[in-house]
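Visitor: Chains as they are written, first to last, in our numbering: chain A, 1 to 237; chain B, 1 to 237.
No wet-lab data here; the hints were simulated from the structure.
To be clear about the criterion: a stretch of chain B counts as covered by chain A if any three or more of its residues have a C-beta under 8 Å from a C-beta of chain A, and this derived list gives those stretches: (1) 189 to 197; (2) 200 to 207; (3) 212 to 218; (4) 222 to 232.
With a straight-line Cα cutoff of 35 Å, these simulated DSBU-like cross-link-like pairs (lysine-lysine) come out: (5) A:Lys219 <-> A:Lys48; (6) B:Lys185 <-> A:Lys219; (7) B:Lys178 <-> B:Lys48; (8) A:Lys219 <-> B:Lys178; (9) A:Lys38 <-> A:Lys118; (10) A:Lys38 <-> A:Lys5; (11) B:Lys93 <-> A:Lys118; (12) B:Lys39 <-> B:Lys118; (13) A:Lys5 <-> B:Lys219; (14) B:Lys185 <-> B:Lys100; (15) B:Lys118 <-> A:Lys93; (16) A:Lys118 <-> B:Lys178; (17) B:Lys177 <-> A:Lys118; (18) A:Lys118 <-> B:Lys118; (19) A:Lys178 <-> B:Lys118; (20) A:Lys177 <-> B:Lys219; (21) A:Lys5 <-> A:Lys48; (22) B:Lys219 <-> A:Lys185; (23) B:Lys5 <-> A:Lys219; (24) A:Lys100 <-> A:Lys178; (25) A:Lys5 <-> A:Lys178; (26) B:Lys100 <-> B:Lys178; (27) A:Lys219 <-> B:Lys177; (28) B:Lys118 <-> A:Lys185; (29) B:Lys118 <-> A:Lys177; (30) A:Lys118 <-> B:Lys185; (31) B:Lys93 <-> B:Lys177; (32) A:Lys93 <-> A:Lys185; (33) A:Lys39 <-> A:Lys178; (34) B:Lys219 <-> B:Lys185; (35) B:Lys38 <-> B:Lys5; (36) A:Lys93 <-> A:Lys38; (37) A:Lys93 <-> A:Lys118; (38) B:Lys219 <-> A:Lys178.
Owing to the predicted nature of the structure, the values given are computational and were not obtained by experimental measurement.
Glycine is no exception: its CB is placed at the ideal position from the N, C-alpha and C atoms.
Protein chains: 2
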Amino acid sequence: MSEEKIAVIGGTGDLGFALALRWSLAGGQIFIGSRDEKKAQDAAQRLKDAANAGGSSSAHDLLVTGCENSHAAAQASVVVMAVPFPAQAAILKSIRGSLKDAILVDTTVPLAATMGGKPTRMLGVWQGSAAEQARELTPPGTPVLSAFHNASAEALQDLSVTPDCDILVCGDDEAAKKTLFSLVKLIPGLRPIDAGPLEVARIVESMTALLISVNRRYKVHHSGIRITGLPAEAKSG
Amino acid sequence: MSEEKIAVIGGTGDLGFALALRWSLAGGQIFIGSRDEKKAQDAAQRLKDAANAGGSSSAHDLLVTGCENSHAAAQASVVVMAVPFPAQAAILKSIRGSLKDAILVDTTVPLAATMGGKPTRMLGVWQGSAAEQARELTPPGTPVLSAFHNASAEALQDLSVTPDCDILVCGDDEAAKKTLFSLVKLIPGLRPIDAGPLEVARIVESMTALLISVNRRYKVHHSGIRITGLPAEAKSG
Numbered sequence: 001m002s003e004e005k006i007a008v009i010g011g012t013g014d015l016g017f018a019l020a021l022r023w024s025l026a027g028g029q030i031f032i033g034s035r036d037e038k039k040a041q042d043a044a045q046r047l048k049d050a051a052n053a054g055g056s057s058s059a060h061d062l063l064v065t066g067c068e069n070s071h072a073a074a075q076a077s078v079v080v081m082a083v084p085f086p087a088q089a090a091i092l093k094s095i096r097g098s099l100k101d102a103i104l105v106d107t108t109v110p111l112a113a114t115m116g117g118k119p120t121r122m123l124g125v126w127q128g129s130a131a132e133q134a135r136e137l138t139p140p141g142t143p144v145l146s147a148f149h150n151a152s153a154e155a156l157q158d159l160s161v162t163p164d165c166d167i168l169v170c171g172d173d174e175a176a177k178k179t180l181f182s183l184v185k186l187i188p189g190l191r192p193i194d195a196g197p198l199e200v201a202r203i204v205e206s207m208t209a210l211l212i213s214v215n216r217r218y219k220v221h222h223s224g225i226r227i228t229g230l231p232a233e234a235k236s237g
Numbered sequence: 001m002s003e004e005k006i007a008v009i010g011g012t013g014d015l016g017f018a019l020a021l022r023w024s025l026a027g028g029q030i031f032i033g034s035r036d037e038k039k040a041q042d043a044a045q046r047l048k049d050a051a052n053a054g055g056s057s058s059a060h061d062l063l064v065t066g067c068e069n070s071h072a073a074a075q076a077s078v079v080v081m082a083v084p085f086p087a088q089a090a091i092l093k094s095i096r097g098s099l100k101d102a103i104l105v106d107t108t109v110p111l112a113a114t115m116g117g118k119p120t121r122m123l124g125v126w127q128g129s130a131a132e133q134a135r136e137l138t139p140p141g142t143p144v145l146s147a148f149h150n151a152s153a154e155a156l157q158d159l160s161v162t163p164d165c166d167i168l169v170c171g172d173d174e175a176a177k178k179t180l181f182s183l184v185k186l187i188p189g190l191r192p193i194d195a196g197p198l199e200v201a202r203i204v205e206s207m208t209a210l211l212i213s214v215n216r217r218y219k220v221h222h223s224g225i226r227i228t229g230l231p232a233e234a235k236s237g
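Take the sequences, apply the hints, and build the full model.
Guide: Below you can see the structure in the form of structure tokens.
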């Protein structure tokens, strides 16, 4: 069980919902955020139903609340941005006044497909990456991390599946990384990897387009990445 | 044993030498290319010595010749470019007249470090990637593939080590990919993965900077990548 209060901004979408589901099953206190409070509340109910259907004995105890995005952000110690890239900047502006010493975790991937292009191509982001754009749009002092780009939302939503994927975490705040590492480890099958400073996020984000390309070639739905050659301590997660 | 004749342009360098070593031990006919024929011949001898030191019983039968780059390219059905990025364009221009129906395999990574910058940063290449620059500089009709960026030269050179790494292959020529896949499979521990068209090389190239970042964080020397979630046929290599 984690003591962190986690807001998932865009928690009604595929990746956001999947992370909220997995973390709530691990005992986390989750605030599902949406621009529309009613949709957030519906997603919270849908999450409880999914947990029940997945056979979780503790589904009735889940600490999940649906809120408007800025209300979700205001209550959290960790705020996960899981919105489509075209919505990222506007939503960040709408919640940044509500961030209270929270860690911001950006999961956004600037896929060309989010603006009508190919899913195997990226958009150029002036700051270098969606994560660095997020940092520019958050208050000074807010630790900004980048993670979860390469996790399959489909695999995370399917409770009969154990994901097989490393989570590459980028950021410049070591304490915040440590907190996020503990949250990643709450989800079976995921292993956090320290990929370096936030500027490396441009590489990690683009690996999503690579995995989409691999998915197409091999007719699979959730290829992932594992880093090899690491010492045993990292191997054990 | 492969029937391909493989030229390794820049075969005196770390990655080129390592590939030449592994392929020659697998029975391939190798032409080590260098701008300096004498250096190429020295590398061929060094390769035989390394094979002997590694305990290969067939080291005296190795088919390895050192040649000036264009002479190496002229004799090969597969030409592997393993030169530092700043030398790539000039060397391609010097060998392109010698390519005879050969497949060109570019391994170049435009790391900022190749021009005095940080090893965890990339240079921008106008064409999108070093591989696409290579395509622009080769004769029309030459199949250009991109591969081996993320393989550790150190692990490949150490014959006591079995590398643990997928080789992400990008390119637009399916027959050429099939040929290269068979060459990748000659090296124990490597698995070829079809990563899609050549334009995806810009992502795969940048993953080298990511792995360098991971190496630094975890104080290791040869982290690698494995793709998960693929069907069994790919799993078996």
